[in-house]
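Q: Residue strings, one per chain:
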Amino acid sequence: EDKVVQSPLSLVVHEGDTVTLNCSYEVTNFRSLLWYKQEKKAPTFLFMLTSSGIEKKSGRLSSILDKKELFSILNITATQTGDSAIYLCAGFPMRFGAGTRLTVKP
Amino acid sequence: DVKVTQSSRYLVKRTGEKVFLECVQDMDHENMFWYRQDPGLGLRLIYFSYDVKMKEKGDIPEGYSVSREKKERFSLILESASTNQTSMYLCASTPPRTGTGYTFGSGTRLTVV
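Protein chains in written order, with my numbering: chain A, 1 to 106; chain B, 1 to 113.
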């Protein structure tokens with residue numbers, strides 16, 4: 001059975017901290033691993049990872065995929081209150097994890 | 001930019017009512033999906049469609065049906081709404097081979113009373 005498991009489910013940090021969010025997956029016909037950020041509305045796209053070991057970066061966010069061990073991590077450095085959101089991981093096609101709710105306190 | 005439009009942002013329906021949730025995308029995408037999102041459970045796949053008139057069950061199809069008569073429109077139908085179908089419903093679409101995964105609609109928050 002396909003599944004995507006994220007950990008932790010919830011995380012509270014202070015501004016300036018660095019966080020690592022985890023995602024493990026078992027997805028039939030796996031094509032890519034996606035990360036999304038969801039605030040109050042629909043999820044917004046962060047990263048798509050298809051190759052192992054190649055880090056993708058966007059500002060303070062970065063992500064990497066390990067296709068051998070079937071997991072990915074999302075790192076956020078120097079966190080800000082605006083990073084507070086639910087972070088969703090998805091094995092494409094179609095399977096999402098439950099999400100990690102990140103709260104960044106001032 | 002691709003747009004995925006869900007017809008209602010908020011809906012309140014009574015138990016037993018038939019409910020239609022509409023989703024329209026404007027970029028000729030083949031694949032369309034319906035998810036529901038509940039706290040702690042993430043996005044769970046209800047139904048998806050790879051082409052017009054094609055539909056496949058996802059992980060939680062019970063109590064739902066779908067219709068895809070035109071490529072741009074994918075409708076989710078709650079045959080007889082129940083309180084346990086109170087949820088956020090998200091529609092998404094993708095082309096067959098994509099570089100950015102899903103494009104989501106803004107979601108419909110359905111409350112069944």
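Keep in mind that the hints were calculated from the coordinates and are not lab data. Glycine included, each C-beta is placed from N, C-alpha and C at the ideal position. Among the hints, a few may not be true.
What the hints assert, rightly or not - Below, simulated DMTMM-like cross-link-like pairs (lysine to aspartate or glutamate); rule was C-alpha separation at most 25 Å, straight line:
hint : chain 1 : residue 1 : chain 2 : residue 2
1    : A       : K3        : B       : D38
2    : A       : K37       : B       : D26
3    : B       : K3        : A       : E39
4    : A       : K37       : B       : E22
5    : A       : K3        : B       : E62
6    : A       : K37       : B       : D38
7    : A       : K41       : B       : E22
8    : B       : K55       : A       : E26
9    : B       : K57       : A       : E1
10   : A       : K56       : B       : D38
11   : B       : K55       : A       : E1
12   : B       : K3        : B       : D28
13   : A       : K3        : B       : D26
14   : A       : K41       : B       : D28
15   : A       : K40       : A       : E26
16   : A       : K40       : B       : D38
17   : A       : K40       : B       : D26
18   : A       : K41       : B       : E30
19   : A       : K105      : B       : E62
20   : A       : K40       : B       : E22
21   : A       : K3        : B       : E56
What the hints assert, rightly or not - Pair by pair, the computed Cβ-Cβ distance ranges are:
hint : chain 1 : residue 1 : chain 2 : residue 2 : range
22   : B       : R9        : A       : T103      : 36 to 42 Å
23   : B       : E62       : A       : G53       : 38 to 44 Å
24   : B       : P95       : A       : K57       : 38 to 44 Å
25   : B       : E22       : A       : Q80       : 32 to 38 Å
26   : B       : N84       : A       : T103      : 25 to 31 Å
27   : A       : E1        : B       : E79       : 25 to 31 Å
28   : A       : D17       : B       : D51       : 22 to 28 Å
29   : A       : I54       : B       : R109      : 34 to 40 Å
30   : B       : Y10       : A       : V12       : 34 to 40 Å
31   : B       : G16       : A       : T50       : 44 to 50 Å
32   : A       : E15       : B       : E79       : 20 to 26 Å
33   : B       : M88       : A       : E15       : 41 to 47 Å
Stated by the list, open to error - A few chain B residues that face chain A, going by a derived Cβ cut-off under 7 Å, partial list only:
hint : residue
34   : Y10
35   : P95
36   : G101
37   : S106
Q: Taking the hints in turn, state whether each one holds.
A: So, going through the hints one by one against the coordinates:
no. : hint                       : in the structure
1   : A:K3 x B:D38               : 17 Å, holds
2   : A:K37 x B:D26              : 23 Å, holds
3   : B:K3 x A:E39               : 19 Å, holds
4   : A:K37 x B:E22              : 24 Å, holds
5   : A:K3 x B:E62               : 19 Å, holds
6   : A:K37 x B:D38              : 16 Å, holds
7   : A:K41 x B:E22              : 17 Å, holds
8   : B:K55 x A:E26              : 23 Å, holds
9   : B:K57 x A:E1               : 14 Å, holds
10  : A:K56 x B:D38              : 29 Å, violated
11  : B:K55 x A:E1               : 20 Å, holds
12  : B:K3 x B:D28               : 10 Å, holds
13  : A:K3 x B:D26               : 30 Å, violated
14  : A:K41 x B:D28              : 23 Å, holds
15  : A:K40 x A:E26              : 28 Å, violated
16  : A:K40 x B:D38              : 13 Å, holds
17  : A:K40 x B:D26              : 23 Å, holds
18  : A:K41 x B:E30              : 24 Å, holds
19  : A:K105 x B:E62             : 40 Å, violated
20  : A:K40 x B:E22              : 20 Å, holds
21  : A:K3 x B:E56               : 18 Å, holds
22  : B:R9 x A:T103: 36 to 42 Å  : 25 Å, violated
23  : B:E62 x A:G53: 38 to 44 Å  : 41 Å, holds
24  : B:P95 x A:K57: 38 to 44 Å  : 26 Å, violated
25  : B:E22 x A:Q80: 32 to 38 Å  : 37 Å, holds
26  : B:N84 x A:T103: 25 to 31 Å : 28 Å, holds
27  : A:E1 x B:E79: 25 to 31 Å   : 26 Å, holds
28  : A:D17 x B:D51: 22 to 28 Å  : 46 Å, violated
29  : A:I54 x B:R109: 34 to 40 Å : 38 Å, holds
30  : B:Y10 x A:V12: 34 to 40 Å  : 29 Å, violated
31  : B:G16 x A:T50: 44 to 50 Å  : 46 Å, holds
32  : A:E15 x B:E79: 20 to 26 Å  : 48 Å, violated
33  : B:M88 x A:E15: 41 to 47 Å  : 29 Å, violated
34  : Y10                        : 12 Å, violated
35  : P95                        : 12 Å, violated
36  : G101                       : 4 Å, holds
37  : S106                       : 5 Å, holds
Checked against the numbered hints listed earlier, the structure breaks hints 10, 13, 15, 19, 22, 24, 28, 30, 32, 33, 34 and 35; every other hint is satisfied.
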